[in-house]
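K.L.:
Sequence:
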Amino acid sequence: MQYDPIKRVLGDVFNKTPFLRRVFYNLLDLLLLRTWHVHKELREWATNRRGKEQYILDAGSGFGQYTYYLSGMSSRWSILAVDVKEEQISDSNCFMRTIGRQNVLFKIGDLVKYRQPDSYDLILSVDVMEHILEDVEVFENFHASLRPGGMLVISTPSDQGGSDVHGSDEASFIEEHVRDGYNIHEIEEKLRRAGFSKVAARYSYGKPGQISWRLSMKYPMLLLNVSKVFFLLLPFYYLVTFPISLMLNWMDVNGNHKSGTGLIVKAWK
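Sequential numbering of the sequence shown, starting at 968, is according to the numbering used here.
These are computed hints drawn from the structure, not numbers from a lab.
Please note that a few of the clues may not be correct.
Straight-line Cα separation of at most 30 angstroms, DSSO-like style, residue types lysine-lysine; simulated pairs [stated by the list, open to error]:
(1) Lys1225 x Lys1019
(2) Lys1007 x Lys1052
(3) Lys1185 x Lys1174
(4) Lys1074 x Lys1019
(5) Lys1157 x Lys1074
(6) Lys1007 x Lys1165
(7) Lys1074 x Lys983
(8) Lys1080 x Lys1157
(9) Lys1157 x Lys1174
(10) Lys983 x Lys1052
(11) Lys1052 x Lys1233
Pair by pair, the computed Cβ-Cβ distance ranges are [unchecked claim]:
(12) Leu987 x Gly1162: 40 to 46 angstroms
(13) His1006 x Val1145: 40 to 46 angstroms
(14) Trp1217 x Gly1162: 34 to 40 angstroms
Each residue gets a CB set at the ideal place from its N, CA and C atoms; glycine is no exception.
Assemble the whole structure, with the sequences as input and the hints as a guide.
P.N.:
In structure tokens:
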């Protein structure tokens, strides 16, 4: 299944006004379990940093919801968001200027080539690495671009059923992925080889998260791929499933999972 056509439709709807875009971001924050996990890591990193100048790279910014979240945490942080999709960069810059977030800039950039030595205190990369074949080159660029002591945060599918793949004979649920998911030891080793002095990885999307993902993302996306008419039915669908997904998300983000279909990886320079 391809996400990009649906993303374009969603973008057309929610980019009409700044109010609708804020509503969209808030919905993503509530529905997407990866956002719960990423926000938890960002809040921890932000401890004792909100009043200090910090330089942040949102590497593969997508709709821009994580840049929006970070830019609201402190006006003293300077955030550069890069992505390969020109239309999303343009829309995001217009939105940030409209709401007065002057500490943010979106730019077109290829992470395989993007390197700014010793520039950032934090690099965030959410659901990006599964789309990039040349992952080692990107990890090396991240390491070079961080300041000494800087931290990298990655959210990506694992090989324990990430991309909804549970066997060698199954294809990825999401066609844009170049890998179904990382082995936890594989990504730790690749980051160490790229130069990171410390790496810590944990599973996300344990049993509660996997159920939540199917309810909140997989089934609606399958319906929308059949016909865009299902957009009209989504409010009624989420009216029933939303409270269940919220409870499952809370359980997942507060649990300790021996296995899971997602990974949260942190690495320090």
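K.L.:
Has the hinted range 40 to 46 angstroms been met by the Cβ atoms of histidine 1006 and valine 1145?
P.N.:
violated (27 angstroms)
K.L.:
Measure nothing beyond the straight line between the CA atoms of lysine 1007 and lysine 1165; if it is 30 angstroms or shorter, mark the hint as holding.
P.N.:
holds (20 angstroms)
K.L.:
Would you check the hint for lysine 1074 and lysine 1019, treating anything up to 30 angstroms between C-alpha atoms as holding?
P.N.:
holds (24 angstroms)
K.L.:
Need the status of pair lysine 1007, lysine 1052: alpha-carbon distance at most 30 angstroms?
P.N.:
holds (27 angstroms)
K.L.:
Sort out whether lysine 983 lies within 30 angstroms of lysine 1074, counting only the CA atoms.
P.N.:
holds (21 angstroms)
K.L.:
Is the Cα-Cα distance between lysine 1080 and lysine 1157 30 angstroms or less?
P.N.:
holds (18 angstroms)
K.L.:
Take a quick look at whether lysine 1225 and lysine 1019 sit within 30 angstroms of each other, Cα to Cα.
P.N.:
violated (36 angstroms)
K.L.:
When you check the alpha-carbon spacing of lysine 1157 and lysine 1174, does it fall within 30 angstroms?
P.N.:
Answer holds: lysine 1157 to lysine 1174 is near 27 angstroms, not above 30 angstroms.
K.L.:
Would the pair lysine 1052 and lysine 1233 pass a check requiring their Cα atoms to be no farther apart than 30 angstroms?
P.N.:
Measuring from Cα to Cα gives roughly 26 angstroms; hence the hint holds.
K.L.:
Is the straight-line distance between the alpha-carbon of lysine 1157 and that of lysine 1074 30 angstroms or less?
P.N.:
holds (27 angstroms)
K.L.:
Per the hint of 34 to 40 angstroms, is the separation of the Cβ atoms of tryptophan 1217 and glycine 1162 within bounds?
P.N.:
For tryptophan 1217 and glycine 1162 the Cβ distance comes to about 36 angstroms; the hint holds.
K.L.:
Would you mind confirming whether the straight-line C-alpha gap from lysine 1185 to lysine 1174 stays at or under 30 angstroms?
P.N.:
holds (15 angstroms)
When the structure is compared with the earlier hints, violations turn up for hints 1, 13 and for no others.
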